[in-house]
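The chain contents come next:
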Amino acid sequence: MNELMKMHYENKRREFLRGSVLGLGGIAMGSLLGCGSKNADRKAVQQVAEEINKPLVNPHFLPKAKRVIYLFQGGGPSQMELFDYKPMLYSMHGQEIPASVVGKNRISGMVSNQYSFPLAMPAATFKQHGAAGGYFSDHVPHIAEIADDICVVRSMFTEQINHEPAVIFTQTGNQLSGRPCIGSWLSYGLGSMNDNLPSFIVMVSKGGGDQPISSAAWSSGFLPSHHQGVQFMTGNEPVPFLNNPEGIDRMDRRRALDFIKGFNNIQNEVWHDPEIESQINQSEMAYKMQMAIPSITDLSDEPQHILDMYGPDVMTPGTFAHNCIMARRLAEKDVRFVQLYHLGWDHHGSIASGIKRATSLTDQPSAALVKDLKQRGLLDDTLVVWGGEFGRTSFSQGKLTPEGFGRDHHPGCYSIWMAGGGVKSGMVYGESDDFAHNVVKDKVHVHDFQATMMHLLGIDHEQFIYKSQGRRYRLTDVSGNVIHNLIA
Amino acid sequence: MIINFLGHLHPVFVHLPIGFLALAYVIQYFFKSSTEKSRLIDFVLVAGILSSLLAAFFGWMLSLSGGYEENLLDWHRYTAIAVCVVSIALLAFKKYKKEEYSKPYYHGGFHLMMLALLLAGYFGGEMTHGEGYLLEASTDLVSKGKAVGQHQRMPKPTASSTTSDHDDITEPSGPAALDAIAPADAASIAALKKINVAVVPLATGTHFLELNMVNVPSFGDKDVPLLLKIAPQVMWLVLADTKITDAGLATLKSCANITRLNLKNTAITNASIPLIGQFNKLEYLNIVGTKIDDAGLLGLIPSTTLKKIFCWQSGITNNGVISFRKKYPNIVIDFGEKK
Numbered sequence: 001m002n003e004l005m006k007m008h009y010e011n012k013r014r015e016f017l018r019g020s021v022l023g024l025g026g027i028a029m030g031s032l033l034g035c036g037s038k039n040a041d042r043k044a045v046q047q048v049a050e051e052i053n054k055p056l057v058n059p060h061f062l063p064k065a066k067r068v069i070y071l072f073q074g075g076g077p078s079q080m081e082l083f084d085y086k087p088m089l090y091s092m093h094g095q096e097i098p099a100s101v102v103g104k105n106r107i108s109g110m111v112s113n114q115y116s117f118p119l120a121m122p123a124a125t126f127k128q129h130g131a132a133g134g135y136f137s138d139h140v141p142h143i144a145e146i147a148d149d150i151c152v153v154r155s156m157f158t159e160q161i162n163h164e165p166a167v168i169f170t171q172t173g174n175q176l177s178g179r180p181c182i183g184s185w186l187s188y189g190l191g192s193m194n195d196n197l198p199s200f201i202v203m204v205s206k207g208g209g210d211q212p213i214s215s216a217a218w219s220s221g222f223l224p225s226h227h228q229g230v231q232f233m234t235g236n237e238p239v240p241f242l243n244n245p246e247g248i249d250r251m252d253r254r255r256a257l258d259f260i261k262g263f264n265n266i267q268n269e270v271w272h273d274p275e276i277e278s279q280i281n282q283s284e285m286a287y288k289m290q291m292a293i294p295s296i297t298d299l300s301d302e303p304q305h306i307l308d309m310y311g312p313d314v315m316t317p318g319t320f321a322h323n324c325i326m327a328r329r330l331a332e333k334d335v336r337f338v339q340l341y342h343l344g345w346d347h348h349g350s351i352a353s354g355i356k357r358a359t360s361l362t363d364q365p366s367a368a369l370v371k372d373l374k375q376r377g378l379l380d381d382t383l384v385v386w387g388g389e390f391g392r393t394s395f396s397q398g399k400l401t402p403e404g405f406g407r408d409h410h411p412g413c414y415s416i417w418m419a420g421g422g423v424k425s426g427m428v429y430g431e432s433d434d435f436a437h438n439v440v441k442d443k444v445h446v447h448d449f450q451a452t453m454m455h456l457l458g459i460d461h462e463q464f465i466y467k468s469q470g471r472r473y474r475l476t477d478v479s480g481n482v483i484h485n486l487i488a
Numbered sequence: 001m002i003i004n005f006l007g008h009l010h011p012v013f014v015h016l017p018i019g020f021l022a023l024a025y026v027i028q029y030f031f032k033s034s035t036e037k038s039r040l041i042d043f044v045l046v047a048g049i050l051s052s053l054l055a056a057f058f059g060w061m062l063s064l065s066g067g068y069e070e071n072l073l074d075w076h077r078y079t080a081i082a083v084c085v086v087s088i089a090l091l092a093f094k095k096y097k098k099e100e101y102s103k104p105y106y107h108g109g110f111h112l113m114m115l116a117l118l119l120a121g122y123f124g125g126e127m128t129h130g131e132g133y134l135l136e137a138s139t140d141l142v143s144k145g146k147a148v149g150q151h152q153r154m155p156k157p158t159a160s161s162t163t164s165d166h167d168d169i170t171e172p173s174g175p176a177a178l179d180a181i182a183p184a185d186a187a188s189i190a191a192l193k194k195i196n197v198a199v200v201p202l203a204t205g206t207h208f209l210e211l212n213m214v215n216v217p218s219f220g221d222k223d224v225p226l227l228l229k230i231a232p233q234v235m236w237l238v239l240a241d242t243k244i245t246d247a248g249l250a251t252l253k254s255c256a257n258i259t260r261l262n263l264k265n266t267a268i269t270n271a272s273i274p275l276i277g278q279f280n281k282l283e284y285l286n287i288v289g290t291k292i293d294d295a296g297l298l299g300l301i302p303s304t305t306l307k308k309i310f311c312w313q314s315g316i317t318n319n320g321v322i323s324f325r326k327k328y329p330n331i332v333i334d335f336g337e338k339k
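As you go down the protein sequences, you meet chains F and H in turn.
Following this note's numbering, the numbering of the first sequence begins with 1 at its first residue and continues without gaps.
Following this note's numbering, the numbering of the second sequence begins with 1 at its first residue and continues without gaps.
No lab work stands behind these hints: they were computed from the structure.
The C-beta atom is built at its ideal place from N, Cα and C for all residues, glycine as well.
Watch out, some of these pointers could steer you wrong.
What the hints assert, rightly or not - Pairs of lysine-lysine, DSS-like flavour, derived with a Cα cap of 30 Å:
| id | chain 1 | residue 1 | chain 2 | residue 2 |
| --- | --- | --- | --- | --- |
| 1 | H | 194 | F | 288 |
| 2 | F | 424 | H | 193 |
| 3 | H | 308 | H | 326 |
| 4 | F | 333 | H | 326 |
| 5 | F | 356 | F | 399 |
Stated by the list, open to error - Covered, in the sense of this in silico footprint (three residues per stretch, anywhere, with C-beta under 8 Å from a C-beta of chain F), are these stretches of chain H:
| id | segment |
| --- | --- |
| 6 | 283 to 294 |
| 7 | 308 to 321 |
With the hints as constraints, model all of the structure from the sequences given.
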């Protein structure tokens, strides 16, 4: 090492040490000088925050839905292969999509270098079902059976074109993570009917696909953290460490928790940090869940014909079918918001086989859930939502070959369906153009959908607000209209 | 803090310019011309200008605290500024163009100031009392003078104080349209909560309740007396998966406002059918998993409000459902999947 280099390194070392000493020393000095807020100040700040941000407790008006089961289909299910029948795509297969249709729609980076955008006919056949005569593809025969119980919305559109921001946008109303998701808003606003289970439970099914999903989608954001979604695991034990270790009985656990709670309360008196209260709440909830969860997860009391209804995967923990029956059992226990995530709808290539696989895992359980809720009288006040973060392009991603093709992300038009909870049943709402590329009638923006969902739960989305860091926030951000035509 | 405080002074000062400037207008057009009149107008205009500047400043501070409809706020802000500008211009015109102050410009300015004043006041009122406050009152005045002020609201706290061009507030809908009812007996509510019954008001501004026994599977006939005192307030009653029997349910006949009754998986039998028929506001009946059979179902004389019955896994058979449907085609009866 030459002299110059050596000097250079020594300088770096000195810089580092000096910086460290000054930095740490500064922190210590700040603490010694009492730069932190005083207890009384913290208490006052906390009190002001509590006065501004009060949970609703009671809905603004009489709700139609008391709980929600949201079957989120991550990846972007293709509207053209499922619910939005477009005969024009068959006749124009292979032809360029007209420029007038593409318009100003965003296209993703994955097709931006494509010189040709040939239209691709749906890898599906369609038939009319139900009294309203809505079209359903042959990939979803079971959902087609419940056509009279659901409302298909074919005119959804979003602002995001990539998975993560689009999922976060759908769940939180904003494309950047950090805001509370729908389940957290409802947990915070309406609280829980059941004392022994979390008000917001999330289940991510395994075996769907390799598209990742971020836990920011069930984050409580700036709301107290005990309102975040409690994720059930996909294995045999949905809630880990539920059983007491050997030699520890329930009373020991209770005593330990009481002792810890005492410490937490002392700290809370000093710091007035809502996160301490969240910690206390979560510990208590975990204790109660020790008793409540086994009765939820034990499917041995389900009659065989009910299990059969959900399909062959129902007894395999972590599958979508298993999660669907779990969702029903949780709804029976009045859990406010159950969110299922099924991934595997991101069909950039080989959509024919991809959609077949995705629907084979989800079609039967989704329909079974609706039927099961209905026969138990639960669908009346349970809103079921089935949908993803965006749709897919009517043109092929990459070359359109006889062997197959894929479709890219498309935010301009996609389909979802809803059932129960005060939504009109047996209805198809909205209309897209001949290419399922643009919405031409009854547009439903993500914020409109969120506003409508809130409305069904008795909440005026414009009045349900939380002030954080100087700004008032709501799920629908600064927009959103309730779609009254969707409400029964 | 200081901005907040200054903002709160706006309502104190805002009525002064209204008074002064309106007084100037009255003096100008309803008093006989004289030197005193001119001096009096000068004085009142100066007072009006000073107080309007103060009110505008405090108003600006108040707007910084947020919470107002941005659209209305903008209109209020700009019309209020117009009041200040026009009144200052008017005074300047009067003082420095003395020989011309009886010209049309002068009178036009006076009318403009008054118009701006009225508009600023109107938008201020809309912000404080809710959109359509004045118009609603005028409509009501025309149509036999209904009570005004139903729309009265606090400043609307929209997120980030941005525009809201629609109004999604919906009147409570549904059964009995949430008629007025007295508050429920607090001691009874406390007693029910003590045994973990979820007692939930159905909506803001109503005393009707949902009682849900989801946390009390042991709830039985012995516990029923706890809710007798609040029976009129009970609108949704969830007794699913509890130990309630016909005897316990029989004592609930005073629950005259029940619209949703969930008896799923209880030991209820046909004996309760006459009582269920007496709930004359009932819309939803869940008897899934009960012992009620065809005889019970066909013996039910449902209220005219009843819309849905769920009877899966009860003693009811397909034949019973078919007969019931013939009798009451407007009631949806769900028999569920075949066993």
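Quick rundown of the hints versus the structure:
no. : hint            : result
1   : 194(H) x 288(F) : holds (17 Å)
2   : 424(F) x 193(H) : violated (35 Å)
3   : 308(H) x 326(H) : holds (15 Å)
4   : 333(F) x 326(H) : violated (34 Å)
5   : 356(F) x 399(F) : holds (21 Å)
6   : 283 to 294      : holds (count 3)
7   : 308 to 321      : holds (count 3)
This entry does not satisfy hints 2 and 4, going by the numbered hints stated previously.
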